[in-house]
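A.B. asks: Sequence:
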Amino acid sequence: MDFIRPDQILTIVLFLGLLALAWVFVRVNRQGLGAKVRAGKRITVQEVTAISPQDRAMIMRVDDREFFVIKSKGVAPVLTEITKPEDAA
Numbered sequence: 001m002d003f004i005r006p007d008q009i010l011t012i013v014l015f016l017g018l019l020a021l022a023w024v025f026v027r028v029n030r031q032g033l034g035a036k037v038r039a040g041k042r043i044t045v046q047e048v049t050a051i052s053p054q055d056r057a058m059i060m061r062v063d064d065r066e067f068f069v070i071k072s073k074g075v076a077p078v079l080t081e082i083t084k085p086e087d088a089a
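Residue numbers (the UniProt record's numbering): 1 to 89.
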């Protein structure tokens, strides 16, 4: 009794080959693909730091403004705009 037929082996080999080609394509075009994904995005997370196992501090950028966000489990997030001091010239 044959459990694995030749057509099943061929299907697996073709699938793994296509998967390997897709992986190589993504590795070679990493920068270009990343730029296309980010294009048109208005909100980006600049940095995330763990304060404790359940608390996070984040800096987010929306258009040309930056915000400081503190997120804790069970508490509403605190959002504060980061303002840059004016030059004293």
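Just so you know, these hints were derived from the structure itself, not from any lab.
Keep in mind it's a predicted model, so treat the numbers as computed, not measured.
Glycine included, C-beta positions come from ideal geometry on N, C-alpha and C.
Errors might be hidden in some of the hints.
[What the hints assert, rightly or not] Cβ-Cβ distance ranges computed for the label pairs, FRET-style:
(1) LYS36 x ASP2: 44 to 50 Å
(2) VAL13 x LEU33: 37 to 43 Å
(3) GLY17 x ALA39: 30 to 36 Å
A.B. asks: Does each hint fit the structure? Answer for all of them.
C.D. replies: Against the structure, the hints:
no., hint, in the structure
1, LYS36 x ASP2: 44 to 50 Å, "46 Å, holds"
2, VAL13 x LEU33: 37 to 43 Å, "27 Å, violated"
3, GLY17 x ALA39: 30 to 36 Å, "31 Å, holds"
The structure is inconsistent with hint 2 alone, although it conforms to all the rest.
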